[in-house]
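Novice: Protein chains in written order, with the working numbering: chain A, 1 to 138; chain B, 1 to 138; chain C, 1 to 138; chain D, 1 to 138.
In short, the hints are calculated from the structure, not lab data.
For clarity, every value in this text was computed on a predicted model and none was experimentally measured.
Don't take every hint at face value.
[Unchecked claim] Calculated lysine-lysine pairs in the DSBU-like style (CA-CA distance at most 30 Å, straight line):
hint, chain 1, residue 1, chain 2, residue 2
1, D, K122, B, K4
2, C, K122, A, K4
3, C, K122, C, K6
4, C, K28, A, K122
What follows is each chain in one-letter form.
Number of protein chains: 4
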Amino acid sequence: MIAKPKAGKAALQRLLDAEEFIRPWRFKIVSVGDGTVTVMIPLRKALLRPGGIVNGPALMAAADVVLWLAIKARHGIAYDALTSDLNTAFLRPAKNVPVYCTGRILRAGRRRFYGVAECHDKDGHLFSHHTVTYVQPA
Amino acid sequence: MIAKPKAGKAALQRLLDAEEFIRPWRFKIVSVGDGTVTVMIPLRKALLRPGGIVNGPALMAAADVVLWLAIKARHGIAYDALTSDLNTAFLRPAKNVPVYCTGRILRAGRRRFYGVAECHDKDGHLFSHHTVTYVQPA
Amino acid sequence: MIAKPKAGKAALQRLLDAEEFIRPWRFKIVSVGDGTVTVMIPLRKALLRPGGIVNGPALMAAADVVLWLAIKARHGIAYDALTSDLNTAFLRPAKNVPVYCTGRILRAGRRRFYGVAECHDKDGHLFSHHTVTYVQPA
Amino acid sequence: MIAKPKAGKAALQRLLDAEEFIRPWRFKIVSVGDGTVTVMIPLRKALLRPGGIVNGPALMAAADVVLWLAIKARHGIAYDALTSDLNTAFLRPAKNVPVYCTGRILRAGRRRFYGVAECHDKDGHLFSHHTVTYVQPA
Numbered sequence: 001m002i003a004k005p006k007a008g009k010a011a012l013q014r015l016l017d018a019e020e021f022i023r024p025w026r027f028k029i030v031s032v033g034d035g036t037v038t039v040m041i042p043l044r045k046a047l048l049r050p051g052g053i054v055n056g057p058a059l060m061a062a063a064d065v066v067l068w069l070a071i072k073a074r075h076g077i078a079y080d081a082l083t084s085d086l087n088t089a090f091l092r093p094a095k096n097v098p099v100y101c102t103g104r105i106l107r108a109g110r111r112r113f114y115g116v117a118e119c120h121d122k123d124g125h126l127f128s129h130h131t132v133t134y135v136q137p138a
Numbered sequence: 001m002i003a004k005p006k007a008g009k010a011a012l013q014r015l016l017d018a019e020e021f022i023r024p025w026r027f028k029i030v031s032v033g034d035g036t037v038t039v040m041i042p043l044r045k046a047l048l049r050p051g052g053i054v055n056g057p058a059l060m061a062a063a064d065v066v067l068w069l070a071i072k073a074r075h076g077i078a079y080d081a082l083t084s085d086l087n088t089a090f091l092r093p094a095k096n097v098p099v100y101c102t103g104r105i106l107r108a109g110r111r112r113f114y115g116v117a118e119c120h121d122k123d124g125h126l127f128s129h130h131t132v133t134y135v136q137p138a
Numbered sequence: 001m002i003a004k005p006k007a008g009k010a011a012l013q014r015l016l017d018a019e020e021f022i023r024p025w026r027f028k029i030v031s032v033g034d035g036t037v038t039v040m041i042p043l044r045k046a047l048l049r050p051g052g053i054v055n056g057p058a059l060m061a062a063a064d065v066v067l068w069l070a071i072k073a074r075h076g077i078a079y080d081a082l083t084s085d086l087n088t089a090f091l092r093p094a095k096n097v098p099v100y101c102t103g104r105i106l107r108a109g110r111r112r113f114y115g116v117a118e119c120h121d122k123d124g125h126l127f128s129h130h131t132v133t134y135v136q137p138a
Numbered sequence: 001m002i003a004k005p006k007a008g009k010a011a012l013q014r015l016l017d018a019e020e021f022i023r024p025w026r027f028k029i030v031s032v033g034d035g036t037v038t039v040m041i042p043l044r045k046a047l048l049r050p051g052g053i054v055n056g057p058a059l060m061a062a063a064d065v066v067l068w069l070a071i072k073a074r075h076g077i078a079y080d081a082l083t084s085d086l087n088t089a090f091l092r093p094a095k096n097v098p099v100y101c102t103g104r105i106l107r108a109g110r111r112r113f114y115g116v117a118e119c120h121d122k123d124g125h126l127f128s129h130h131t132v133t134y135v136q137p138a
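Kindly produce the complete structure, drawing on both the sequences and the hints.
Specialist: If you want it as structure tokens, here you go:
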């Protein structure tokens, strides 16, 4: 376990802003800790499905990205791993609110990382729960 | 089991094109059958993560949408259900190719629908495998 | 949220000992809290797969049972719900040790319960991580 | 893809009967094909939860074992891999009937195997659907 992140909040935010496949979500990094990252998904009309509910793929994309960032925080921006599994349970609709997503690495093997991500409101009420596995290609 | 879809390819494509939260993916409906829908994700630079790989959330969004469409094909455009669970295994990177996603309902209960979605190339080689549960709110 | 369990440790242990489909695992209840239960799987040769590893179905059975008990602790022994989904990630082999399994309800809807279970050693090192959904039949 | 199994039905049944951690389920191998195995779980009172329903861990154990056997059928009895992920959706209770479980490898990498298992009755009606990942230790 590494106490001091190898990549901090500013560097990770620059990465999100630079990558064309992520930029459209406009994720804002809220905090970076040891093995944990929180991002915010700003509320935008373009994210809402009928009923004013933030669409599910936005939450899954956030879950995917927070673990990706948590791994890079530990190992450095250049370290790349690919998602191998991502399981999602949608627990409560996120209606017309900004969504926060917090990821946390639970188990770091040599090449396999397993963690949990939770999408929640600013008070911590859960919208969705995710488990995510990343694998570093051989 | 209903042999004749209540909503066909043209109506479902209009729905995809009308919904702002889906439109950015530019999914094209390829085919609609009884309990099954295939869409195509056109290859665009904006979808690629480093290495020229179609990003995972695009595949998960496609998996989510094909089951949503398969349910509407059976029950009509106005019938709405919400995703409750979506599990994804990424099996092989989709490198610089259009991706097809085929969803199929395996079990339709009164209010719960369970199905499988597969993202694949035009020859059927798998990129990802998904299980998806939709629930109609009470 | 109910602070005081409707069914306590002794009543839940009697249930485990009385049910023929659970008894063979010989689960011992370690603790019962609000929305959380921990059981112990005693080490027995009959549980070991080649390599001295506690077999996976034993861990999945424990994950299934701790959420079942956590729901009964809250709603009473007579309240019955059925597992609808159980996702498991095996993180590290449990070699020749007793295994503890702790379940916790994360979200209780009217009829749907979602929780997490973790199998771990006595010091909290993870062997497996599970998400479990129970649904009360209509 | 290997057309002829390296381990056939008789050898795989002997393995099931010899392993103490599997034997109690009394799985009977029904058929072995290329990348696919079907087993039968004989109906026994000891497997039933309240309501006469075959208990969930029995179905998960069967899902786990059919993929394990499908890998051994391809690579030989001595080839061992460990389950890394097993996701289960329970779709319909199996009430007082023998259960069949059919597993099929969908993707075989160098060291990672991904497949689907389905528990069903003799006519193919689904009780549960599983996705299973096996990994050969380094």
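Novice: Could you run down the list of hints and mark each one as holding or not?
Specialist: Going down the list of hints, with the structure as the test:
Of the pairs offered as hints, the one joining K122(D) and K4(B) holds, with about 28 Å between alpha carbons and a cut-off of 30 Å not exceeded. A C-alpha spacing of about 28 Å is found between K122(C) and K4(A), which places the hinted pair at or below 30 Å, so the restraint holds. Between the alpha carbons of K122(C) and K6(C) the distance comes to roughly 27 Å, so the proposed pair stays at or under 30 Å and holds. This hinted pair does not check out: K28(C) and K122(A) have alpha carbons roughly 39 Å apart, beyond 30 Å.
Of the numbered hints stated above, the single one contradicted by the structure is hint 4.
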